[in-house]
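Given next are the chains, with one letter for each unit.
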Amino acid sequence: MEKQIILNPTHLDLTLKRLSHELIESHNDFSDTVLVGLQPRGIHVVTRLKSYLESILGKEIQCGNLDITFYRDDFRRREKPMIPSITNIDFSIENKRVILVDDVLYTGRTIRSGLDALLTFGRPSKVELLVLIDRRYSRDLPIQADYIGKTVDTQISERVSVEWKETEGADKVVLFTKESNE
Amino acid sequence: MNNLSVDHLTGIKDLTREDIELIFKTADSFKEVINRPIKKVPSLRDLTIANIFFENSTRTRLSFELAEKRLSADTVNFSASSSSVKKGETLIDTVNNILAMKVDMVVMRHPNPGAALFLSKKVKARVINAGDGTHEHPTQALLDAFSIRERLGSVEGKKVVIVGDILHSRVALSNIYCLQKLGAEVMVCGPTTLIPKYIGDLGVKVSHNLREALEWCDVANMLRIQLERQDIKYFPSLREYTMMFGLNKEILDGLSKEIIIMHPGPINRGVEISSDVADSKQSIILDQVENGVAVRMAVIYLLAAKIER
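Here the protein sequences line up with chains A and B, keeping their order.
Just so you know, we're using our numbering here: the first sequence kicks off at 159 and counts up by one.
Just so you know, we're using our numbering here: the second sequence kicks off at 651 and counts up by one.
Keep in mind that a hint or two might mislead.
[Claimed, not checked] To give an idea of the chain A side of the interface with chain B (calculated C-beta under 10 Å), a few residues:
hint, residue
1, S184
2, P198
3, R199
4, D225
5, D231
6, P239
7, L273
8, A275
[To be verified] With a straight-line Cα cutoff of 30 Å, these simulated DSBU-like cross-link-like pairs (lysine-lysine) come out:
hint, chain 1, residue 1, chain 2, residue 2
9, B, K752, A, K284
10, A, K238, B, K956
11, A, K323, B, K675
12, A, K208, B, K663
13, B, K663, A, K238
14, A, K238, B, K774
15, B, K689, A, K208
16, A, K238, B, K689
17, A, K238, B, K907
18, A, K238, B, K752
19, B, K772, A, K238
[Said to hold, decoys possible] Cβ pair distances, simulated, as ranges:
hint, chain 1, residue 1, chain 2, residue 2, range
20, B, D678, A, G216, 29 to 37 Å
21, B, T740, A, R234, 49 to 57 Å
22, A, D248, B, G853, 20 to 28 Å
23, A, N253, B, N652, 35 to 43 Å
Honestly, the hints are just simulated from the structure, not real lab data.
Don't be surprised by glycine CBs; every beta carbon is placed ideally from N, CA and C.
Make a model of the complete structure from these sequences and hints.
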């Protein structure tokens, strides 16, 4: 596998800051807006956005984690069952504007499951989607993001990995490409 | 490890410690799901599950049915009293007829020990044992251990005493296997006639003194006297049993430490446990019932993953 860095720590930081400002542009003071990160990787994006938003707005932003394992459309199509992560939404989403957050938007199937899972907690007034990386032209479902960190054109054989200081040791986004002579 | 080592749940004896821990981890998530406003996930919407009960049951059948419905499976219920079994049909014929209607999983309670294992070898469906005679009741043991883990943080190293009719209890046997696999110490306590002679071979301690047993343990699991399975008199009278082995507030308050009280139900208030103990803060009897649904969802979910498409 050949590695290519799409976003280095500085750029990733800038991108997250820009996304925070974009969110404030359309959600003002976040009085009826909440962030919900998709497990397992979307929650890292939420953690960063939360700290930027809170330092800009000077108030606490409500954030939750949502696990979508039981809502996936590939149960029994995989070798092994997926083991769920923790769901933690300790506030009502009824009539709130919810921003779903994930790291990479690829086929759109995860987001579809995420919407189903989210609606079991109530009826939000609006749901928007924020992704750090949008892998363009690879959707299986008609799902698009409202806020995008960076758009990349990739092939199916390639893989995009968003890495964080907390889990992988450094903040960066890497594109893995199969070598041509493989 | 994210797959069970077994294709059917016929007994705890066949499970590994990793299996049990996987079931608990999955059940944690389902417990969160059943406390949501919408207590349902779509995972099993393409499966049908038959609940076949050749013996009476309230809690277990209701709990299984709720677990199945919250996983979005279709369910059919069948009880022996209203069926062709009365007309002389064999077990395999009965079940195969149900399976011919495209059923993917069978939850069965049967009065004969080994009925679930027998069925799992003969029919083409996943089988979950909901109690087979005096043999095993695996999901009850799982939810008991899950409830201990929830209250005390872990099962490892804990001391659990099972009090009562050990001889006729499938709950006792499954609990012994499950608790030991998770690293707990187990003691059984009851009248000599209701303790199997060679139970020590399973590595459990035996006591015939309730106070002594309670002083030793962290958790006491009080069992019901199964009069319907007792073909002869095992003790002079229920009143005498209650005097010797019934748990009341006075005994509980007289202990040097606070212990947790469990009961698999149905409770005979005033026999094996007094009302004030059953309703006390130390009792986790209703937590057991709530956890039962989550644990059964986990078992069904993990077994369903093994059904071929």
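So, going through the hints one by one against the coordinates:
{"no.": "1", "hint": "S184", "result": "violated (27 Å)"}
{"no.": "2", "hint": "P198", "result": "violated (13 Å)"}
{"no.": "3", "hint": "R199", "result": "violated (17 Å)"}
{"no.": "4", "hint": "D225", "result": "holds (7 Å)"}
{"no.": "5", "hint": "D231", "result": "holds (9 Å)"}
{"no.": "6", "hint": "P239", "result": "holds (4 Å)"}
{"no.": "7", "hint": "L273", "result": "violated (12 Å)"}
{"no.": "8", "hint": "A275", "result": "holds (8 Å)"}
{"no.": "9", "hint": "B:K752 <-> A:K284", "result": "violated (41 Å)"}
{"no.": "10", "hint": "A:K238 <-> B:K956", "result": "holds (8 Å)"}
{"no.": "11", "hint": "A:K323 <-> B:K675", "result": "holds (27 Å)"}
{"no.": "12", "hint": "A:K208 <-> B:K663", "result": "violated (48 Å)"}
{"no.": "13", "hint": "B:K663 <-> A:K238", "result": "holds (23 Å)"}
{"no.": "14", "hint": "A:K238 <-> B:K774", "result": "holds (20 Å)"}
{"no.": "15", "hint": "B:K689 <-> A:K208", "result": "holds (29 Å)"}
{"no.": "16", "hint": "A:K238 <-> B:K689", "result": "holds (24 Å)"}
{"no.": "17", "hint": "A:K238 <-> B:K907", "result": "violated (44 Å)"}
{"no.": "18", "hint": "A:K238 <-> B:K752", "result": "holds (23 Å)"}
{"no.": "19", "hint": "B:K772 <-> A:K238", "result": "holds (25 Å)"}
{"no.": "20", "hint": "B:D678 <-> A:G216: 29 to 37 Å", "result": "holds (36 Å)"}
{"no.": "21", "hint": "B:T740 <-> A:R234: 49 to 57 Å", "result": "violated (31 Å)"}
{"no.": "22", "hint": "A:D248 <-> B:G853: 20 to 28 Å", "result": "violated (43 Å)"}
{"no.": "23", "hint": "A:N253 <-> B:N652: 35 to 43 Å", "result": "holds (37 Å)"}
Consistency note: the structure conflicts with the earlier hints numbered 1, 2, 3, 7, 9, 12, 17, 21, 22.
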